[in-house]
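Protein sequence lines correspond, in order, to chains A and B. The opening position of the first sequence corresponds to residue 7 in our numbering, with each subsequent residue numbered one higher. The opening position of the second sequence corresponds to residue 114 in our numbering, with each subsequent residue numbered one higher.
Derived by calculation from the structure, the hints in this document are not laboratory data. Be careful, since some hints might not be right.
[Said to hold, decoys possible] Listed next, the in silico DSBU-like pairs over lysine-lysine satisfying Cα-Cα at most 30 angstroms (straight line): (1) B:K148 to A:K178; (2) B:K151 to A:K173; (3) A:K53 to B:K342; (4) B:K340 to B:K151; (5) A:K177 to B:K117; (6) B:K337 to B:K117; (7) A:K177 to B:K314; (8) B:K340 to A:K35; (9) B:K326 to B:K210; (10) A:K233 to A:K183; (11) A:K263 to B:K148; (12) B:K124 to A:K177; (13) A:K53 to B:K124; (14) A:K178 to B:K124; (15) B:K202 to A:K177; (16) B:K134 to A:K35; (17) A:K53 to B:K336.
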Amino acid sequence: MNSELRQNVLKSLEAGIRLDGRKTDEYRKISVEYGISVNAEGSARVKIGETEILAGVKLSVESPYPDSPNQGTMMVGAELLPLSNPEFEAGPPGIQAIEIARVVDRGIRESETIDTKKLCIKEGEKAWTVIIDICTINDDGNLFDASALASMAALQNAVFPSYENEKIDYKKKTKEKLPLSKAPVSVTVMKIDKYFIVDPLPEEERILDARLTVATTEDGKICAMQKGGDTPLSIEDVDRMIDIAIEKTQELRGHLKR
Amino acid sequence: MTYKERFDGRKFDEIRPMEAKAGIIPRADGSAYFKIGKSVAYVAVYGPRNLFPKFLQNPEKGILRCSYNMMPFSSGGERVRPGGNRRSKEISMVTEKALLPVVDLNEFPNAVVDVFIELPQTDAGTRCAGICAAAIALADAGISMRDLVAAVSVGKVDDKLVVDLNYDEEAHEAGSTDMPVAMMPRTGQISLLQMDGDLSKEEINKCLQMATKALRQIYEVQKKALKHKYEGESI
Chain A
7 MNSELRQNVL KSLEAGIRLD GRKTDEYRKI SVEYGISVNA EGSARVKIGE TEILAGVKLS
67 VESPYPDSPN QGTMMVGAEL LPLSNPEFEA GPPGIQAIEI ARVVDRGIRE SETIDTKKLC
127 IKEGEKAWTV IIDICTINDD GNLFDASALA SMAALQNAVF PSYENEKIDY KKKTKEKLPL
187 SKAPVSVTVM KIDKYFIVDP LPEEERILDA RLTVATTEDG KICAMQKGGD TPLSIEDVDR
247 MIDIAIEKTQ ELRGHLKR
Chain B
114 MTYKERFDGR KFDEIRPMEA KAGIIPRADG SAYFKIGKSV AYVAVYGPRN LFPKFLQNPE
174 KGILRCSYNM MPFSSGGERV RPGGNRRSKE ISMVTEKALL PVVDLNEFPN AVVDVFIELP
234 QTDAGTRCAG ICAAAIALAD AGISMRDLVA AVSVGKVDDK LVVDLNYDEE AHEAGSTDMP
294 VAMMPRTGQI SLLQMDGDLS KEEINKCLQM ATKALRQIYE VQKKALKHKY EGESI
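Excised from the complex, chain A in its bound form (with noise of 0.2 angstroms):
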């Protein structure tokens, strides 16, 4: 079933165009919703296409790790729930939901773009925890940049909760907006054969040869790698991933908040 699916895919590039029609560096439309969750301190859908990805941000105050005292925490989980297409299943996260949080997790992370420092309440005791969550609503491919850029989202849409007397009150939300310097954002490039595709529909994900997710910031600066697949990449072939992933990046940035 998929060499065929590889061959209908393959006789199109060759024309220059995807299954849908698009060109090959070309994202379905983008859309970037803020708040969609009242009680998440922050919260973000994104839609690429018909993917739809929502992210929320808790905060907690926990006590800081021993090996860094004056410094804050960030983690992201991903969930990819069977309601968002046939072949997820319920139960703890698998490898695929597993490796999607982590690629997002290294990006936001490697990027600093969160000032942990700034996260601090009291060195060594107490320090705010930001947890991302992610949870897929409908999965029409390309779920590693749809949820990069709602976890991106989610980060600049919270607020601090108050903190009183050693307590959090949920249900007062300051306007203290979350320590962030800058805008990591992924693009994920696909190898097909000898083509090179970005924003992937579930069938083109299904033959893929190699793929390569690379997280960068405004400034240029590549914080964040994966490369996926089974099929082995040359450097020519990753310099062109990279240079197609730093193009496309602008343009998916240009749908955050300034």
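Got chain A sorted already, so can you dock chain B onto it with the hints?
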């Protein structure tokens, strides 16, 4: 002290504003969105489809399987740990029982119809919101149904009987009673009934009357959502 005026200004028998949509998740066989006040439910229905492992199959008729899940950031308090807990398991089970009487699965031996209920935002009454959305989603999936199922919670805040409690009312310092009710609106049959708190038999009766009235309004909103999706399509 008595509860004279509701926190959000509603009348005692007034439900919160509702919004319902059918067919919001393209990958699902049927889907729905139901919002009541600040409680939001997304539901996707998949099936009838093959059920594995095989020993779960029923050779006489299809199985309905419901799962209720709060998203980690949905609650007004701390983050909800993903993966479910005793509460979500019980709600999944009672939701299944609430919907079962209306679905006809006789034509689908060995198959399963999966109903996934996800809550991105909660403000009490979420099992009811989930059931309301699930009924729309099942109909949207084209499953044979005798009726829809509508659900709402009724109860008592301090000394007043109320419909559709929100979180602040559930947490009222003078005490509150919560009684979720699901009903097949055409026949008035009750398919979910739970209660925790303190009500006399007379009060329960009164509450059920109030619920019946509220559920008729919810039913209209559910039907409208389905009609809206299929408007203009010839059958």
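Results of checking the hints against the structure:
With a C-alpha separation of about 23 angstroms, the suggested pair K148 of chain B and K178 of chain A falls inside the 30 angstroms cut-off, and the hint holds. At most 30 angstroms may separate the alpha-carbon atoms for a hinted pair to count; K151 of chain B and K173 of chain A meet this at roughly 25 angstroms. Using a Cα cut-off of 30 angstroms, the hinted pair K53 of chain A and K342 of chain B holds, with the two alpha carbons roughly 21 angstroms apart. With a CA separation close to 24 angstroms, the supplied pair K340 of chain B and K151 of chain B stays within the 30 angstroms bound.
Of the pairs offered as hints, the one joining K177 of chain A and K117 of chain B holds, with about 23 angstroms between alpha carbons and a cut-off of 30 angstroms not exceeded. Between K337 of chain B and K117 of chain B the alpha-carbon distance is near 34 angstroms, which puts this suggested pair outside the 30 angstroms criterion. Of the pairs offered as hints, the one joining K177 of chain A and K314 of chain B is violated, with about 35 angstroms between alpha carbons and a cut-off of 30 angstroms exceeded. This hinted pair checks out: K340 of chain B and K35 of chain A have alpha carbons roughly 28 angstroms apart, not beyond 30 angstroms.
This hinted pair checks out: K326 of chain B and K210 of chain B have alpha carbons roughly 22 angstroms apart, not beyond 30 angstroms. Taking the CA atoms of K233 of chain A and K183 of chain A, the gap is about 33 angstroms. The hint is violated against a cut of 30 angstroms. At roughly 27 angstroms between alpha-carbon atoms, K263 of chain A and K148 of chain B fall within 30 angstroms of each other, so this suggested pair holds. Restraint check for K124 of chain B and K177 of chain A: satisfied, since their Cα atoms lie roughly 24 angstroms apart, inside the 30 angstroms limit.
Restraint check for K53 of chain A and K124 of chain B: the C-alpha separation of about 38 angstroms exceeds 30 angstroms, so the hint is violated. With a C-alpha separation of about 26 angstroms, the suggested pairing of K178 of chain A with K124 of chain B holds against the 30 angstroms cut-off. In summary, the hint linking K202 of chain B to K177 of chain A is supported, as the alpha carbons are separated by about 27 angstroms, within the 30 angstroms threshold. With a C-alpha separation of about 22 angstroms, the suggested pairing of K134 of chain B with K35 of chain A holds against the 30 angstroms cut-off.
Between K53 of chain A and K336 of chain B the alpha-carbon distance is near 27 angstroms, which keeps this suggested pair within the 30 angstroms criterion.
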